[in-house]
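Student: The listed protein sequences correspond, in order, to chains A and B. Quick note on this note's numbering: the first sequence kicks off at 6 and runs consecutively. Quick note on this note's numbering: the second sequence kicks off at 101 and runs consecutively.
No wet-lab data here; the hints were simulated from the structure. Some hints could be false.
Straight line, CA to CA, 25 angstroms or less: simulated BS3-like cross-link-like pairs of lysine-lysine [what the hints assert, rightly or not]:
1) B/K212 with B/K184
2) B/K184 with A/K340
3) A/K340 with A/K14
4) B/K212 with A/K340
5) B/K184 with B/K194
6) A/K340 with A/K16
Residue strings, one per chain:
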Amino acid sequence: MGRFFKRNKIKRAAQSLASVLVTLLLLVTLTFFLGQVMPVDVVSRLVGPDADQATYQATYERLGLDQPIIVQFGIYISRMLQGDFGTALLTGHQVLDDIVRVFPATIELGTLALLIGAGIGVPLGVLAAVQRNRPADHIIRVVTLLGHSVPIFWIGLMGLLLFYSYLGWVGGGGRVEIYYDGLVETRTGLLLVDSLLAGDTEVFWSAVRHIILPATVLGYASMASLCRLTRSFMIDQLSQEYVTAARVKGVSEWNVIWHHAFRNIRVQLLTVIALTYGSMLEGAVLIETIFAWPGFGQYLTNNLLLGDMNAIMVCVLLVGVIFITLNMLADLLYKIFDPRTVQ
Amino acid sequence: MSSTPRASDAAAVQMPLIEARDLRVAFQMQRGVFQAIRGVSFSLGQEKLAIVGESGSGKSTVGRAIMRLNPPSAIVTAERLAFKDVDLLSASRKELRRLRGRHISMIMQDPKYSLNPVATVGEQIAEAYRTHHKVSNREARERALTMLEAVQIRSPKRVYDLYPHQVSGGMGQRIMIAMMLISDPEVLIADEPTSALDVTVRLQILAILDDMVKERGLGMIFISHDLNLVRSFCDRVIIMYAGRIVETVAAADLDNVQHPYSRGLLNSLPRLDQKRDRLPVIQRDDSWLEAV
């Protein structure tokens, strides 16, 4: 495709790396100083309301809160650069260890939800565009409108009621049945993968039964918006002259749709799918709460309510890294999908 | 009006390539139905037939009706609309697909919009061939390269791998011609093929088109609003106004047209040999809208 000079390439890579680092630094700074204005007294949360003045004062100093803010910030940054992100008050573990534990659960749920959402939403959107204003389009509109407008927690609760409580087709809360918990060795943190690696099919099927409902509910919401967007992208492309030109050549309708029109919406579609994935990884708090899913969304919410800056900082950084990574990935794929972006 | 051979006396050898009798196209609008083409009859042999008229007179709609590529909201009716002995109105989608590109083809106005922006031009030309011939990718590529050469593109192999945004308008239109003629159609509809091009490039494209049409013995419908162009380029001229044919003349007789609208069109052309302050504007008459 593009013929860049090698030196140019290195320069570009360095530039984008620098811009990533600056973005992350700004993010850390902003979050740190926003944390200072949070009306939460962490110390009293730690020592409890009945602690005496001396204990309070000692904890206050141990946390370094008696230093000027700018010094606290400097200490935080220098520790962070050494890889020390501090301890989480809630769990007493290193924050990074916590993240390594909870984040894979969210990745697993979010990825499966995205596969369901995009895998169904995109083809449905194409179908709706092709069948515009015909019965199929109207049916799809109703289905997606429900996904848009019905609160996700309600769908989740009703799903649990129907498929877990009445029908017993799926598992309830958590990632596996309680008696399977911790049975397989953690390698990737993705339970579906770990159980297969360990060759434990019983745990695997239990995990499948547990993830399928939350992933479907989460996927349904994203399916709705992806379907609507795909439909409007496709309608836009199908009215273009090059589509008529393809028909003039005698190209079959299937190829007109997929080979010509769809090829032109890949870039737009990629952008919205990347953003959707980002927001899923950021944590589907409601779904994680309803399904007792020990993921990132729950962790972040709990720590926000507690006001634990150590944990919050790392969570915010992680969200930043997720979006930057997804953006860079999307940028990279643009160059493959759209020849016009290559110089 | 053109001579439309009656079914009874039309000899099989003299069968026209395209025959339209009382062709009507209406569009289903939000409120009511809009009649875009109101009873058009003509036939096309191995000749260059021009359809001229102002914007909105329905000339492009006629072209697309022949290809059966009007938008879904269009209602097309006719006493007869046929390619040779194939009735285009009752033909199935599959039959139509077999005809398109292979027997009837169309060159569109602006290559900027009528080439797929994310596919290489070579791929698009080869696709036009592969759609109608079961050949290997390599043979389709060879065919496409030959076609690129035929439309006088100097380095076909280089151009084959270019994307539409990388070629000029003139080259884009040559690519369009190559793409639409690669499967050897018998009828070519050219819908204002040069109006998006610079004047200097225009003549080159017309020369190429002229060569190809002569060489292959095509019947061509040339849709245009450029009277001077049509006079020198075509054999016969149909003048349309408001969805009807007002007059059909031989291109050589274009200066002797009778209908006031045709005269008005001619009079409103700028001239090199006469000094004119302001071009006359056609004084429209409601009676033109009625049957001719």
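Student: Hint compliance check: list the failing hint numbers for this structure, sorted ascending.
Tutor: 1, 2
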